[in-house]
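Peer 1: The primary structure of each chain is shown beneath.
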Amino acid sequence: MPGLPDEFSAAFLARLEDLRIRTRRQFPGMGKGAHLSPKRGSSLEFSDYRHYSLGDDFRYIDWGMYGRTDKFYIKLFKEEEDLLTYIFLDASASMAYPANDRKFENAILIALALGYVALSSGDRVMLRVLGGSGHRPAPSFLYGRNRIIELNERLKAVKPGGQIDLAQTLARELVAIRRAGKCFVISDFLMMPNSVMRGLGLFTAATMDVTAVQVLGAGELSGQGLSGDVEVVDAESGEHLRVSMGAREREQYRQTLLRLSREIKAFCLKRGMHYAMFTTDLNFQDFFVRAATDLGLAH
Amino acid sequence: MGLLNPGALVLLAVVPALVLAYLARERPSRTTVSSTLAFRALHSVRRERFGGRPRFDWTFFLEMLVLILAVLALAGPYVLKHEHPIAVVLDNSAAMQARTTSGEVRFDKARGELSTMLANEQPDSAVAFYLTSPSPHRIDATKQFSLSGARAAVREAKSTDAPDDPGAIANLLTDLSSSGHYAKVIFAGATALAPPVPPGINAITVGEPIDNFAIGSFTLRRESFGARALHARLTVANFSTKPRTVEVTISGDGKQLGTAKSDLAPGQTGVVEFHSLAPAKVYTARLSPSDGFPLDNVAYATSGSIRSVSILFVSPKPADAQGLASIPGVSVTTVAPDSYSPENLAKADLAIFEYAVPKEMPSVNSLLVMPPPGDPVFDFQATPVSAAQITTWRKTDALAYAVNFRLLNVRAGEAFGVHPWMEPVVDGRRGALVLRGERQGHRFIATGFNLFPYLGRKNLPMSVLTLNILGYLSGVGANSGGYRTGQPWFVPAGIRTVVLPSGKSIETKPGTLFDRVGSQGVYKLLGSGGSTTFRAVNFSDLAASDFAATPPIKIQSPAAASATRTITAKAPLSHYLFFAILALLMLEGLVIYRRRRRVVEV
Chain R
144 MPGLPDEFSA AFLARLEDLR IRTRRQFPGM GKGAHLSPKR GSSLEFSDYR HYSLGDDFRY
204 IDWGMYGRTD KFYIKLFKEE EDLLTYIFLD ASASMAYPAN DRKFENAILI ALALGYVALS
264 SGDRVMLRVL GGSGHRPAPS FLYGRNRIIE LNERLKAVKP GGQIDLAQTL ARELVAIRRA
324 GKCFVISDFL MMPNSVMRGL GLFTAATMDV TAVQVLGAGE LSGQGLSGDV EVVDAESGEH
384 LRVSMGARER EQYRQTLLRL SREIKAFCLK RGMHYAMFTT DLNFQDFFVR AATDLGLAH
Chain Z
9 MGLLNPGALV LLAVVPALVL AYLARERPSR TTVSSTLAFR ALHSVRRERF GGRPRFDWTF
69 FLEMLVLILA VLALAGPYVL KHEHPIAVVL DNSAAMQART TSGEVRFDKA RGELSTMLAN
129 EQPDSAVAFY LTSPSPHRID ATKQFSLSGA RAAVREAKST DAPDDPGAIA NLLTDLSSSG
189 HYAKVIFAGA TALAPPVPPG INAITVGEPI DNFAIGSFTL RRESFGARAL HARLTVANFS
249 TKPRTVEVTI SGDGKQLGTA KSDLAPGQTG VVEFHSLAPA KVYTARLSPS DGFPLDNVAY
309 ATSGSIRSVS ILFVSPKPAD AQGLASIPGV SVTTVAPDSY SPENLAKADL AIFEYAVPKE
369 MPSVNSLLVM PPPGDPVFDF QATPVSAAQI TTWRKTDALA YAVNFRLLNV RAGEAFGVHP
429 WMEPVVDGRR GALVLRGERQ GHRFIATGFN LFPYLGRKNL PMSVLTLNIL GYLSGVGANS
489 GGYRTGQPWF VPAGIRTVVL PSGKSIETKP GTLFDRVGSQ GVYKLLGSGG STTFRAVNFS
549 DLAASDFAAT PPIKIQSPAA ASATRTITAK APLSHYLFFA ILALLMLEGL VIYRRRRRVV
609 EV
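Order-wise, the sequence lines are chains R and Z.
Residue numbers are given in my numbering: position 18 of the first sequence equals residue 161, and the series is strictly consecutive.
Residue numbers are given in my numbering: position 143 of the second sequence equals residue 151, and the series is strictly consecutive.
None of the hints are false.
Part of the chain R face toward chain Z, derived, beta carbon under 7 Å: (1) 237; (2) 240; (3) 333; (4) 372; (5) 376; (6) 378; (7) 385; (8) 392.
Pulled a few chain R residues facing chain Z out of the computed Cβ check, cut under 7 Å: (9) 373; (10) 374; (11) 375; (12) 377; (13) 382; (14) 384; (15) 386; (16) 395; (17) 396; (18) 399; (19) 400.
Residues of chain R clear of chain Z, computed beta-carbon distances all greater than 10 Å: (20) 189; (21) 193; (22) 196; (23) 220; (24) 245; (25) 281; (26) 282; (27) 300; (28) 315; (29) 323; (30) 432.
Source of the hints: derived by calculation from the structure; they are not laboratory data.
If you're wondering where the values come from, they're calculated on a predicted model, not measured in any experiment.
Where is the CB? At the ideal position from N, CA and C, for every residue including glycine.
Using the sequences and the hints given, assemble the complete structure.
Peer 2: Structure follows, in structure tokens:
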């Protein structure tokens with residue numbers, strides 16, 4: 144499709160249109176949509192009864208109840224509104240390394256795909272960038288399928304850089320967005336687990352429905368390219384460590400990364416969040432379809 | 009400031025080795041990663057490899073500093089320090105217990121004058137404090153007293169009952185004055201220093217001649233072997249300027265037993281004897297008139313030293329020993345020759361081998377009666393004789409004393425040939441009948457005829473000869489009061505505790521040297537089985553009691569010594585440097601440990 148990355152072929156977009164965002168709770172929206180809202184409205188979803196009062200539409204009088212109780216009751220229905228979808232993209236310096244793994248580019252694709260799912264479902268999407276350099280996108284909701292091009296432009300303007308503390312950054316974002324909704328947090332989560340947990344935990348405490356998407360490079364996960372005596376430099380903190388990497392050390396390193404991922408996943412599932420991990424050696428399109436459930440999407 | 013060992017500075021040449029070591033350290037490739045989080049868990053230690061530019065981080069400069077400090081410490085830096093050390097020698101021998109003509113005790117007077125002299129010394133003086141008795145020794149050898157501490161030590165010093173050793177004191181003063189370690193040496197004692205006194209020595213002499221009467225020795229013994237009666241013998245002396253009659257009162261276990269007098273000219277020594285003393289455990293002799301030195305006016309003796317003689321009788325005919333047991337003060341243990349072992353001698357004072365010879369030289373004085381010929385230990389050349397007629401004997405020998413050999417009826421026996429180390433005392437026609445000799449510090453007698461059974465008055469010549477032999481072997485007449493103050497003695501077998509005259513108990517071990525003998529009196533020796541023996545320790549030194557004839561102490565000292573010197577000492581600084589090195593190494597270790605610990609924790 145013109146204006147979108149090559150991965151977004153017509154067939155892939157068609158598959159994305161079959162998906163919609165599934166939430167574990169109901170959020171008030173900003174307009175009519177396909178998601179049940181805690182507001183009372185005119186959907187087919189029964190909500191409650193109340194006594195009939197003058198002026199009520201008598202089409203909603205429950206005649207069965209009248210027959211049993213000889214009193215008028217009005218049937219109330221839930222409202223169906225759009226969903227406010229927030230996509231938090233980690234654009235800290237760590238997302239740019241290892242360069243060969245193209246982690247940040249893949250994170251943008253995921254954000255774009257999630258955004259397309261939301262827009263095509265009639266939901267509103269706001270892109271929030273954590274850290275990064277370059278042009279920061281405007282904090283406004285996008286609405287309508289055709290706005291995917293604009294979302295792509297906003298994403299393309301983001302460049303990775305800087306250092307973030309996820310807990311503090313998400314806390315600031317939480318104050319800024321004010322309205323609850325669906326949140327996608329796309330990051331490599333390569334930071335102290337307690338920082339990740341505190342940050343994500345803030346969102347669940349604020350009644351947000353959160354999906355954590357961890358993006359790791361395939362070479363990053365395997366320690367590829369690291370052998371012998373290596374001085375590794377942290378892309379964000381600048382910390383220097385000198386290590387001797389052999390097969391045993393690489394395996395130990397890989398197991399440590401996987402353990403950190405498992406800890407975050409366990410935390411997410413325990414707190415009612417969705418969790419999905421994408422490694423750059425996977426086919427992006429296949430991943431998005433296969434991991435739809437983990438991403439909090441439904442057909 | 010200088011260096012004790014400047015040659016060690018050559019070791020500074022190893023400093024480039026440290027630089028080389030840093031050059032040799034690895035220079036790894038640098039890679040930027042998304043996060044070092046997972047790398048912190050790696051326990052592998054980076055390997056070293058040669059090459060690359062040296063990384064002179066702070067550890068390099070710290071190690072360089074440590075290395076330089078170590079070389080400097082080995083070079084032995086020092087600073088010159090001016091000191092005023094003083095050596096104080098205080099005579100605490102028995103002579104210091106004497107009173108001066110003014111009635112003051114010499115020791116108290118010496119301590120007072122010494123404290124006064126110390127109070128006038130420089131305030132920063134360090135004092136080494138010595139006492140002279142029982143032998144010259146330093147108080148707290150590792151410590152230098154301050155002036156106040158030295159004065160306190162002088163106040164707490166105690167005199168002993170042991171005599172002084174002028175030679176040892178002279179050696180000590182000579183060593184102290186010539187060592188160059190002390191600016192001043194102060195000697196406070198009863199004995200004057202012979203002129204010329206080296207200028208570095210300040211003497212405080214508190215001794216002055218006083219009239220003194222003394223007991224020199226106090227011995228107890230039996231009159232002869234086997235006699236019950238005890239005989240006491242004391243030497244007394246008059247060290248005054250006038251003839252005096254001295255009286256000695258002797259008491260046993262607190263009960264007065266007798267008195268004796270002796271007229272003594274000035275400087276004369278006499279003897280006082282007491283016969284047939286009643287049995288007692290402890291005898292005490294007191295001399296009058298009293299004088300300014302009461303220590304030598306009393307002496308002690310114990311009957312335990314006149315103990316019974318224990319005889320081990322080794323014979324195939326044990327009945328022969330029955331008569332011996334009738335001798336007073338003799339106990340006999342019989343053993344068959346086949347059952348004999350050298351361990352049997354442990355509790356015996358002497359041994360008798362009848363018709364038998366031990367397989368090794370006995371460890372006690374021994375009598376061999378008709379030993380079988382050809383034994384490898386004594387190698388007797390014995391010839392059996394049917395009638396061992398005595399022909400000659402040594403008339404002045406103690407063994408032949410009061411023996412009427414003409415009436416000695418000796419029948420069958422054996423005659424000895426020439427013996428390599430025993431000499432004949434009694435001879436017969438065919439050879440020697442009695443041999444006597446000493447080997448390995450023990451006395452041995454061999455008889456070619458049988459002395460036993462001991463029949464007492466029924467065979468008087470043979471009995472007298474037997475008693476002479478046993479008396480010779482058991483050492484009758486030994487001095488029973490032979491322990492002197494200040495002279496250590498070995499703890500006897502079986503003794504675990506020694507109670508001093510002051511009543512204080514000292515735990516000890518048998519065979520060890522007991523040196524807590526600074527007090528005159530009776531020491532109680534407690535055995536492990538509850539047995540108690542007494543041991544008398546006396547001053548008994550007439551030379552030390554003669555205050556009028558005390559020779560001055562002569563000190564050999566270099567003529568160049570000055571009256572008051574300032575000692576320049578080299579105060580080494582190496583230990584400070586080693587402490588600094590240790591602190592720096594601990595600092596480096598702590599920092600590296602904390603850094604690695606932070607890396608390992610994820």
